[in-house]
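When you line the sequence shown up against the UniProt record's numbering, it's residues 1 to 207, in that order.
FYI, nobody ran anything at the bench for these hints, they're computed from the structure. Nothing here was measured: the structure is a model prediction, and the numbers come from that model. C-beta atoms are modelled at their ideal positions from N, C-alpha and C, and glycine is treated no differently. Heads up, some of the hints might be wrong.
Said to hold, decoys possible - Label-pair restraints from in silico Cβ distances:
| id | residue 1 | residue 2 | range |
| --- | --- | --- | --- |
| 1 | R196 | D63 | 12 to 22 Å |
| 2 | T84 | A153 | 14 to 24 Å |
| 3 | P64 | E113 | 31 to 41 Å |
| 4 | P64 | N173 | 25 to 35 Å |
| 5 | E190 | P64 | 20 to 30 Å |
| 6 | R148 | L194 | 24 to 34 Å |
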Amino acid sequence: MELGRLEYLQALVTEFQVTDSTGNKRHCSLALSVSSISSHPQPFSLAEAKEQVLANLANFAYDPSNYEYLRQLQVLDLFLDMLTEDNETLVEFAMGGLCNLCLDKTNKEYILEANGVEPIINCLSSSNEETVVSAVTTLMFLTTPRSRAQTTALPVVECMLRFSLSANTRLSNLASIFLQDYCSPAQLEEARSLSRHTAVGIPLPKD
1 MELGRLEYLQ ALVTEFQVTD STGNKRHCSL ALSVSSISSH PQPFSLAEAK
51 EQVLANLANF AYDPSNYEYL RQLQVLDLFL DMLTEDNETL VEFAMGGLCN
101 LCLDKTNKEY ILEANGVEPI INCLSSSNEE TVVSAVTTLM FLTTPRSRAQ
151 TTALPVVECM LRFSLSANTR LSNLASIFLQ DYCSPAQLEE ARSLSRHTAV
201 GIPLPKD
């Protein structure tokens, strides 16, 4: 990496945000170079360029040595903002980035203070398996005595009960851990009782 770490991450953030006068994203050269796909036969579309840069930022979020830089560049806010996008790939990468970041106490507190739990819960209804898995994992990481009422709210527990019955082993195992480690017997009973009286719930992701 020729640029300093902060400068490079700044360049990525700028690359994601900058638009030309017509509102179209310029060719995403940084994304190409990071992913070693400079031989891509045609320029990226706007959507592809944004997806590639967001994927790179999510990957950098895996390294704790980048946390301070990412906070300084407001990348946590960028990830949270992307959770409401219609583009499922952007949501997937943003959710993955938050999942990488929230093991850190400072990042966790920031996400909670930014009211990030609600859009993360909304990601449980995604049809994208990776998005759902990251959302479940992130909710576990974000659960604290202060946030537990929100991260284990009744609709979330109901959802986890349904996920635990999924044929998708990865998802069912993760949901079972959530139910066992983060939910009280009373919460489980209430959710089971409600589930017996309604067929409406958060849909399972597509395999």
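How the hints compare with the structure:
For the hinted restraint 12 to 22 Å between R196 and D63, the CB-CB distance of approximately 45 Å leaves it violated. Between T84 and A153, the C-beta spacing of about 19 Å keeps the proposed range 14 to 24 Å intact. Checking the proposed 31 to 41 Å range against P64 and E113 shows it is violated: the Cβ atoms sit about 20 Å from each other. Checking the proposed 25 to 35 Å range against P64 and N173 shows it holds: the Cβ atoms sit about 26 Å from each other.
Distance hint check for E190 and P64: the Cβ-Cβ separation is about 38 Å, which falls outside the suggested range of 20 to 30 Å. For the pair R148 and L194, the supplied restraint of 24 to 34 Å is violated, since their beta-carbon distance comes to about 19 Å.
Of the numbered hints stated above, those contradicted by the structure are hints 1, 3, 5 and 6, listed in ascending order.
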